[in-house]
Amino acid sequence: MSWNRKHLLDIQSLSVEELRIILSTAAEFKRVGERAIKKVPTLRGKTVVNLFVEPSTRTRISFELAAQRLSADVVNFSAEASSLKKGESLKDTARNLEALNVDVIIIRHGATGAPHFLSRFLSASVINAGDGAHEHPTQALLDVFTIQEKKGDIKGLNVTILGDIQYSRVARSNIWALLKLGANVTLCGPSTLVPRHFEEIGCKVTHKIEEAIANADIINLLRIQHERQRQTSFPSIGEYTSLFGLTKSRLETTKKDVLIMHPGPINRGVEIDSDIADGDRSVILQQVTNGLAVRMAVLYLVTGGRGTQEIAPASA
Amino acid sequence: MSWNRKHLLDIQSLSVEELRIILSTAAEFKRVGERAIKKVPTLRGKTVVNLFVEPSTRTRISFELAAQRLSADVVNFSAEASSLKKGESLKDTARNLEALNVDVIIIRHGATGAPHFLSRFLSASVINAGDGAHEHPTQALLDVFTIQEKKGDIKGLNVTILGDIQYSRVARSNIWALLKLGANVTLCGPSTLVPRHFEEIGCKVTHKIEEAIANADIINLLRIQHERQRQTSFPSIGEYTSLFGLTKSRLETTKKDVLIMHPGPINRGVEIDSDIADGDRSVILQQVTNGLAVRMAVLYLVTGGRGTQEIAPASA
Amino acid sequence: MSWNRKHLLDIQSLSVEELRIILSTAAEFKRVGERAIKKVPTLRGKTVVNLFVEPSTRTRISFELAAQRLSADVVNFSAEASSLKKGESLKDTARNLEALNVDVIIIRHGATGAPHFLSRFLSASVINAGDGAHEHPTQALLDVFTIQEKKGDIKGLNVTILGDIQYSRVARSNIWALLKLGANVTLCGPSTLVPRHFEEIGCKVTHKIEEAIANADIINLLRIQHERQRQTSFPSIGEYTSLFGLTKSRLETTKKDVLIMHPGPINRGVEIDSDIADGDRSVILQQVTNGLAVRMAVLYLVTGGRGTQEIAPASA
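Chains as they are written, first to last, in the numbering used here: chain A, 1 to 316; chain B, 1 to 316; chain C, 1 to 316.
Hint data in this document are derived by calculation from the structure and do not stem from the laboratory. Wrong hints could be hidden among the right ones.
Since the list can't tell identical chains apart, any single copy or any two copies may satisfy a pair.
Unchecked claim - In silico DSSO-like cross-links for lysine-lysine, where the CA-CA straight-line distance does not exceed 27 Å:
#1 Lys-151 <-> Lys-86
#2 Lys-30 <-> Lys-6
#3 Lys-150 <-> Lys-91
#4 Lys-30 <-> Lys-248
#5 Lys-91 <-> Lys-248
#6 Lys-6 <-> Lys-255
#7 Lys-256 <-> Lys-86
#8 Lys-91 <-> Lys-30
#9 Lys-180 <-> Lys-248
#10 Lys-208 <-> Lys-180
#11 Lys-91 <-> Lys-204
#12 Lys-248 <-> Lys-86
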């Protein structure tokens with residue numbers, strides 16, 4: 001089987017086979033990042049646009065570097081001072097970008113479904129870099145890539161996702177990827193943020209952290225968005241930390257070889273103890289490194305890459 | 001005859017011959033955008049600066065992609081957080097950029113004549129990307145390129161420009177280009193925005209839309225800047241639409257093969273009916289595509305390009 | 001002796017030998033900027049990040065062009081809308097960038113020592129682009145490069161630095177470079193801004209401009225930061241100009257071949273008379289040109305460049 005999609009919109013609609021193609025392609029590209037010349041000519045003469053309607057320096061830079069290392073031309077489009085501010089619709093903005101013979105539009109948007117909407121009328125490829133509280137597929141891909149790299153096969157592993165599940169696109173994309181690859185997924189957090197209905201798609205739901213972490217092979221901590229804290233969800237940051245923060249004493253109750261993951265940026269001392277973030281179980285920075293490889297793979301695949309024989313070093 | 005100018009400051013001072021050189025060069029570059037590798041090595045090792053003192057994501061990206069596809073290095077300079085904010089004069093900012101061995105400065109500025117001012121002391125090439133209410137030459141070039149592509153020779157065509165003529169640099173540049181190429185130009189809009197004195201340079205002026213569109217081969221609609229509406233010019237957006245908007249019933253009174261143009265971003269339902277914008281007479285998105293080809297041509301010519309034998313594909 | 005440093009953090013810790021290596025390497029790179037193709041393949045496949053936590057368009061563009069002309073990939077990271085705004089620490093931001101296999105982090109930061117701090121845990125190279133009131137090493141390097149270019153050996157030259165010495169990183173870096181290379185350094189300005197303790201490191205301190213400029217071979221004027229004027233340091237801009245501004249009548253009391261320098265952006269009519277800034281003794285724009293050569297040299301050296309045989313023209 002081979003890759004036939006022009007877009008990467010979500011994880012939910014991908015087959016297990018497609019997930020595996022992305023992961024194995026990312027493994028090839030990871031080696032590129034370790035070379036002295038971290039660049040291949042694969043997307044030379046192609047144009048990639050970072051259409052970040054919702055700002056994110058971190059994800060934008062990861063995609064920008066991924067495109068540069070594939071030798072694509074990249075332009076950054078941020079919503080400030082743009083025609084979107086002048087009342088232009090997203091549809092018209094995207095069609096205007098496409099009229100510039102753009103090959104890939106990477107979109108981050110506050111509204112669920114914005115990438116799917118674009119994919120319906122654009123002939124350019126669309127990559128979802130996060131849409132509302134819906135999905136953030138490349139984050140999930142880098143997470144499962146990292147798990148696979150450290151633990152081998154994902155099938156049968158116990159993965160606990162801890163934090164604000166309800167409003168998290170990272171959680172949602174991770175859940176789909178993990179379930180498809182055969183992991184046992186446990187969700188944990190305040191009952192206001194981790195509703196029972198996630199059980200219907202095959203997750204275990206608990207509001208007791210002790211129960212959630214005891215048998216976990218992987219603990220994926222979500223960021224507490226304290227800069228836009230939802231007052232009604234939990235009383236205070238301190239309260240959250242005392243009930244759900246990954247502290248040293250809690251870490252002692254986990255398996256010795258548990259992996260600690262976090263999509264970043266981390267809040268040291270809030271959802272994660274600072275020493276744990278820097279400790280030897282943490283793979284937080286490896287996730288960042290793998291994100292670049294995964295994004296190179298996705299750019300490569302959606303633009304029609306079929307094999308890895310093209311991933312040769314760029315000539316000087 | 002060949003191209004001898006180092007700058008592109010306006011349309012008014014160009015000869016018919018020079019206009020034709022740009023248009024035929026743009027036709028060559030348009031083919032580059034249709035290749036799998038949309039890139040030529042023409043400006044390799046040259047540096048282009050986008051000096052956008054007045055912000056414009058759309059035009060900036062078009063110039064940025066044009067420069068990238070010519071293999072130039074591009075840096076973006078926006079007025080926010082820059083030395084201009086610290087009280088540095090435009091002259092000093094430009095001379096500092098030039099001291100970095102910059103080859104081309106593309107300037108957008110709120111003040112009429114800013115590009116001409118720079119050209120007087122800079123040895124770098126200057127391209128006007130819009131100066132106040134004065135000129136926006138590459139917009140006019142892409143407009144006449146699009147007309148020529150669809151209609152053949154411009155001579156004798158009836159072109160109607162509709163909207164805020166008085167304060168529009170797009171209108172002004174279009175008028176000069178169209179008159180030079182032999183079109184019959186009609187200007188239409190509220191009398192507060194379309195003064196009679198345009199008749200002196202050879203345009204027809206009317207304030208009745210029916211009269212303006214009846215025999216038009218091309219209708220070029222200008223954007224109503226409703227985000228900074230001049231209260232004194234017309235009573236309300238609704239009023240403008242009812243008197244001058246291009247509605248379906250009005251379209252029925254035009255020639256069957258009329259071209260509908262708009263520099264974008266469009267206000268659907270204000271100056272143009274949404275279905276007309278997306279309809280088969282509209283060439284709005286082709287204008288965007290052609291804008292890139294025209295800007296590649298201009299960058300090529302002002303930096304000393306003399307023929308099109310250099311427009312070979314970039315090696316991989 | 002050869003270059004062995006992975007970082008450029010300050011001037012104070014450099015040896016005279018190291019200073020000379022940078023200056024001679026910069027001389028090689030200056031020639032690259034004068035070629036038709038201003039680009040060499042030296043850093044192809046390397047990634048450079050401009051981490052400008054304190055904004056500066058001018059310095060950012062100089063570094064960006066330096067990296068582009070070495071064929072590196074460059075991404076710009078500004079503090080606005082970034083994870084730093086979400087409460088992430090500088091350490092975590094930098095480690096995240098490094099996890100993207102970044103080779104060089106160029107940092108400008110409001111806090112003294114920020115680049116040194118990063119260099120302690122990063123394996124990427126760190127270049128200080130200005131840290132608080134501490135140092136701005138590439139500015140000092142371009143200043144001494146310019147002096148050397150115009151005057152030959154710096155040893156024994158009388159260099160006067162005029163203005164806000166106390167809070168100026170430009171002054172501090174210049175003082176170290178000039179003293180190491182054997183210049184006689186005089187500091188002058190209001191007593192509130194030019195404290196006596198600079199005498200301890202070998203400078204002459206005076207609060208009388210006549211005395212400071214009479215025998216100067218070079219006068220380096222610092223910018224008066226009038227947009228954030230410290231009310232307590234001097235009564236008013238007008239007062240400053242009348243007491244310490246470089247006026248035409250004051251220039252007549254200097255040596256005939258004195259060089260006038262300024263790091264820019266200049267305040268015409270405040271610290272410097274407008275005609276003097278544009279006059280034939282001024283080397284202000286040459287400083288800008290040399291800044292690019294110096295920054296190319298620094299990028300080259302910190303990434304392991306050992307000789308100049310690699311500085312060949314890039315193939316087309």
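A quick look at each hint next to the structure:
Taking CA atoms no more than 27 Å apart as the test, Lys-151 paired with Lys-86 passes in neither setting, with 49 Å inside one copy and 32 Å between copies. Taking the shortest alpha-carbon separations for Lys-30 and Lys-6, both the intra-copy value of 22 Å and the inter-copy value of 25 Å come in at or below 27 Å. Proximity of Lys-150 and Lys-91 under a CA criterion of 27 Å is satisfied inter-copy only: 25 Å between copies versus 41 Å inside one chain copy. Within a single copy, Lys-30 and Lys-248 get their C-alpha atoms no closer than 32 Å, and across copies no closer than 55 Å, so neither meets the 27 Å cut-off.
With identical chains, the CA atoms of Lys-91 and Lys-248 are at most 27 Å apart between copies only, with a shortest distance of 22 Å across copies and 49 Å within one. For the homomeric pair Lys-6 and Lys-255, neither the shortest alpha-carbon distance inside one copy (41 Å) nor that between copies (40 Å) is at most 27 Å. Within a single copy, Lys-256 and Lys-86 get their C-alpha atoms no closer than 55 Å, and across copies no closer than 32 Å, so neither meets the 27 Å cut-off. Taking the shortest alpha-carbon separations for Lys-91 and Lys-30, only the inter-copy value of 24 Å comes in at or below 27 Å, while the best intra-copy value is 34 Å.
Proximity of Lys-180 and Lys-248 under a CA criterion of 27 Å is satisfied in neither setting, with 32 Å inside one chain copy and 51 Å between copies. In this homomeric assembly, Lys-208 and Lys-180 come within 27 Å of each other (Cα to Cα) only inside a single copy, at 25 Å, whereas the closest approach across copies is 64 Å. Neither within a single protomer nor between protomers do Lys-91 and Lys-204 lie at most 27 Å apart by alpha-carbon distance, with minima of 39 Å and 36 Å respectively. Proximity of Lys-248 to Lys-86 under the C-alpha cut-off of 27 Å is restricted to the inter-copy arrangement: shortest distance 24 Å between copies versus 50 Å within a copy.
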